[in-house]
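Protein sequence lines, in the order shown, are assigned to chains A and B.
Under the numbering used here, the first residue of the first sequence carries the number 1341, and numbering increases by one thereafter.
Under the numbering used here, the first residue of the second sequence carries the number 123, and numbering increases by one thereafter.
Heads up, a few of these hints could be off.
Unchecked claim - Residues from chain A shown here face chain B by an in silico Cβ test under 7 Å; the list is partial:
#: 1; residue: Gly1368
#: 2; residue: Asp1384
#: 3; residue: Asp1386
#: 4; residue: Gly1405
#: 5; residue: Phe1411
#: 6; residue: Gly1416
#: 7; residue: Gly1417
As the list claims (entries may be wrong) - In silico SDA-like links for lysine to any residue, alpha-carbon gap of 20 Å or less:
#: 8; chain 1: B; residue 1: Lys692; chain 2: A; residue 2: Val1396
#: 9; chain 1: A; residue 1: Lys1381; chain 2: B; residue 2: Asp688
#: 10; chain 1: B; residue 1: Lys239; chain 2: B; residue 2: Asn144
#: 11; chain 1: B; residue 1: Lys632; chain 2: A; residue 2: Ile1385
#: 12; chain 1: A; residue 1: Lys1394; chain 2: B; residue 2: Gly505
#: 13; chain 1: A; residue 1: Lys1394; chain 2: B; residue 2: Asp688
Keep in mind that the hints were calculated from the coordinates and are not lab data.
Built from N, CA and C at the ideal position, the CB exists for glycine as well.
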Amino acid sequence: MKVRIEVFGFLKDSTNFQDFPSEFLFEGLISLDYLLNEILKLRDIDKVVLVNQKYVPPNYSLREGDVVQIFPPLDGG
Amino acid sequence: MPPYGYAGRMLRVNLSEKRFVNEELSSDFLKQYIGGAGFGARILCQENPVNVEWSHPENRIIIANGPLSNTIVRGSGTSCATSKGPMTNLAGSTQANGYMGTFLKSCEYDGIIIQGKSDRWSYLVITRDKVELRDATHLLGKDTQETQELIKKELEKEKGVSVYCIGPAAEKRARFSVIMGDGSHTFSKNGLGAVMASKNLKAIAVFRGDYKTPVWNERLLRDAAKELHEKALTYLNGSRHKYGTNGAFSNLHEAGTLPIKNYTTHLFPEHEKMNGQYVRSHFETVKRIPCYNCGIHHNLLMKVTEGPYAGFVGEEPELEIFTGLGSNLGITDAGSVFILSDIVDRLGIDANETGWVLGWVMECYEKGILKKQDTDGIEMTWGNVESVKKMLYKIANCEGLGALLAEGVKRASEEIGGEAAHMAVCTHKGSTPRGHDHRARWCELLDTTLSNTSTLEATFGGTRPNLIDLPPVQAQFSPWEVPVINAKTNGWHIFEDCLGVCRFNMTYPKTVAEAFNAATNAHLSLPDILKIGKRIVNTLRLFNIRNGLIPAMEIPSTRYGSAPGDGPAKGISVMENWNLMREIYYREMGWDPITGKPTPETLRDLGLEI
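Modelling step: build the complete structure from the supplied sequences, incorporating the hints.
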């Protein structure tokens, strides 16, 4: 199964993301939180995550062709 | 010798009696309430007579700095203003950056308590040796920038004096008028400008003095200050310095948290021409305008180089002005936001509330609820910058429809009634969110609605509990996790608001704690700090309950709590589980889960009497 990963904003320059593949191939079923926390090791990184431009629950089961978008923390002021 | 980090005294100003008294602060008071927001909370709760209205002379305004004020910590010019405010008739606790906090400390004051009412319009002048009230009748009607310039001219001091004042909107008692100073830094929340006006006080001017904040360990403080500075510069990959806060504009759009046309849509294709990246690369930087000792320098004076307002020179608006007076009003020209921001600042009204009230008017106009004869002949169509300009002056002068709008969006919408009453973005308390669409950001929606400060209390840019050794957020739309995390982390940000430092310079809590301990010799751990913060939150809570706060007020308005019709958070509704979330939050905060009142056990644990 192939999932695309897009990183936005300032995270692109962050060392955690510089070696990120733009596509992930995996077999079987994995959830969004498993991808983020166990495979990409992003548990402690502040981020906003959308799948196919939508918010989904952490236990969302990823599907072929899904696009996972990772944004930096949403600032303001 | 005063305690480390403090002058050990506050200045009490009784405007009715024209009396100025230096009052010593006990070491217990300093340890339990720290400074800034803490001082304000305790004094307001202790001194305001029960049920005194916001405009009553006995309503206190407390302006306090913190133990890091006037030290080498970057951005340590911040102060906090606390009072009972007209938007909610509850406490308002609001910060302003610039120089006031440091200058007040350098005059050997940890803060000012203002009470009473002057018999004529006056402004207060404070130096280390002298306090006086001067006539301000000649300043009436002057905008906030003119007022600052004129006072500095009268005092014969261009630099080395911090002037905070009210504008014409406050003089007319517009409910969301602000106290503004050091340019356009603002005590913006809960209409404290109107409170100051009710005391016939036009401005406060504080000269730079020569008192040095005593510090326990200079070397440790220097190390912590250096680390805080480095972390602040690299936070968000240096975005604040490179692009200003408006660098986040497009991210907000992509994440569904950009407020667009009063929360009616998530489509704003023009976002790429409104963001900080565009503004910084297309408009001309005239100079940077840093706050006291700040190394981020995110504020710029800029020249608009394109669009109908090309040639205008003014301060680059913050993100929430680009959202509130930009996307939320359907305005797609960045230069127009510069103009509107300048007008709002000069008139002295809160830009956030202005954006919500005008967005509501525009939607009402679109739907035919308000017609041209209702809007004083002004066509309040989306994106109509000229109409917005005219209406801003109506609000500030409280004339025509502006008189109703000056009451704030909650009251204005209730007055019109019908469908219009369900279109306002606000809380049932009367406060409004900052310039974001919180329907895709539940932690801030919950915080805004349940806050005791009339603005964000527990969160800023999310919760980031991992930074204070708490588990990170996993599910941002969980009705169980969101209130628990908000409650667990609540206390940290209000502690920051006690220190006298700009939040942008405090991006790493553990180092903030090190800086505080180095300055004061307090040796506080993160749990100790959270407990102090909880004490301050609960002090404000007690004040608010005493002044009529009930759970029915801690609900978002119909529009604020609605499910978005499009965008990333389409269909996600906070209201489905609101009562559950509120109950969980109350319980986690140690409050009765039904009434929201702090339990006797909670108060005892925090050392608070009922």
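For each hint, the structure was consulted:
1. Of the supplied interface hints, the one on A:Gly1368 is violated, with its beta-carbon coming no nearer than about 22 Å to a beta-carbon of chain B, more than 7 Å.
2. Evaluation of the A:Asp1384 hint against chain B yields a held restraint, the C-beta minimum of about 5 Å falling below 7 Å.
3. Below 7 Å, beta-carbon pairs count as interface contacts, and A:Asp1386 has one with chain B at about 6 Å; its hint therefore holds.
4. Checking A:Gly1405 against chain B by beta carbon gives a least distance of about 18 Å; that is not within 7 Å, so the hint is violated.
5. Because the beta carbon of A:Phe1411 sits about 5 Å from the nearest beta carbon in chain B, less than 7 Å, this interface hint is met.
6. Contact between A:Gly1416 and chain B, as hinted, is supported at the beta carbon level, the nearest pair being about 5 Å apart and thus within 7 Å.
7. With its C-beta approaching chain B no nearer than about 4 Å, A:Gly1417 sits inside the 7 Å limit, and its interface hint holds.
8. Taking the CA atoms of B:Lys692 and A:Val1396, the gap is about 11 Å. The hint holds against a cut of 20 Å.
9. A C-alpha spacing of about 31 Å is found between A:Lys1381 and B:Asp688, which places the hinted pair above 20 Å, so the restraint is violated.
10. Proximity of B:Lys239 to B:Asn144 is assessed by CA-CA distance (about 19 Å); at most 20 Å being required, the pair is judged to hold.
11. Between B:Lys632 and A:Ile1385, the direct Cα distance comes to roughly 17 Å. Compliance with the 20 Å bound is thereby established for this hinted pair.
12. For a cut-off of 20 Å, the pair hint linking A:Lys1394 to B:Gly505 is broken: about 28 Å separates their Cα positions.
13. The hinted pair formed by A:Lys1394 and B:Asp688 meets the criterion: a straight-line CA distance of about 10 Å does not exceed 20 Å.
Checked against the numbered hints given earlier, the structure breaks hints 1, 4, 9, 12 and satisfies all the rest.
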